[in-house]
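Peer 1: Build the full structure now, drawing on both the sequences and the hints.
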Amino acid sequence: RKEVEQDPGPFNVPEGATVAFNCTYSNSASQSFFWYRQDCRKEPKLLMSVYSSGNEDGRFTAQLNRASQYISLLIRDSKLSDSATYLCVVNAGYSSASKIIFGSGTRLSIRP
Amino acid sequence: NAGVTQTPKFQVLKTGQSMTLQCAQDMNHNSMYWYRQDPGMGLRLIYYSASEGTTDKGEVPNGYNVSRLNKREFSLRLESAAPSQTSVYFCASSEAHTALNYGYTFGSGTRLTVV
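Heads up: the sequence lines are chains C and G, in that order.
So the first sequence is residues 9 to 120, counted in the numbering used here.
So the second sequence is residues 183 to 297, counted in the numbering used here.
Covered stretches of chain G (in silico footprint by chain C; criterion: 3 or more residues with CB under 8 angstroms from a CB of chain C, positions within the stretch not fixed):
| no. | region |
| --- | --- |
| 1 | 224–232 |
| 2 | 289–297 |
Straight line, CA to CA, 25 angstroms or less: simulated DSS-like cross-link-like pairs of lysine-lysine:
| no. | chain 1 | residue 1 | chain 2 | residue 2 |
| --- | --- | --- | --- | --- |
| 3 | G | Lys191 | C | Lys53 |
| 4 | C | Lys53 | G | Lys253 |
| 5 | G | Lys239 | C | Lys53 |
| 6 | C | Lys50 | G | Lys191 |
| 7 | G | Lys239 | G | Lys191 |
| 8 | C | Lys107 | G | Lys253 |
| 9 | C | Lys87 | C | Lys53 |
| 10 | C | Lys107 | C | Lys50 |
| 11 | G | Lys239 | C | Lys107 |
Derived by calculation from the structure, the hints in this document are not laboratory data.
Beta carbons are placed, not taken as given, at the ideal position from N, Cα and C, and that holds for glycine.
Peer 2: In structure tokens:
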């Protein structure tokens, strides 16, 4: 089993729709969680951190479920510009960068 | 506001050739990293430098060496390139390596093909 797993997609949804995808992680000792966005042939960029209480940034909402070991990303009122690959990142410990695991990404395509 | 600058952006090597990928950051970050990204596998850590003067192996260090030249610069060297090293390479930096609370800043990547 991979340490961090994401549905690769692609998710193909119409503009204005709400879309959600999950990321599961295997290490119950994981401490911090993040969503990154990566546009085609570009570098990843930090989208948002995921806090235990959940957090919202505009149209984006991130949730953490420690009991089931997954994090989620919800995008409301999706825009064409939201088309990208979304990477889940899990930090299993604070003492070493080698504990930081990137998921392989979920592709999202928004159609007009 | 350059952030993290990587050179070159593209490179084609023949098997057995050597090359160095350069990375520089202007954010006064302590920690720097080299990742490779392959289809369906996510980003995998090659080497990192928690602070100036230190380097450590990541998940996939074989075939690579690194040098933290100073606080700004962190280079990745392929001594004898192999086709399995065909990949997209990203350099990244962060304020501290102990947590990702501040996030990584990535360079724009180097697309390397080994033939």
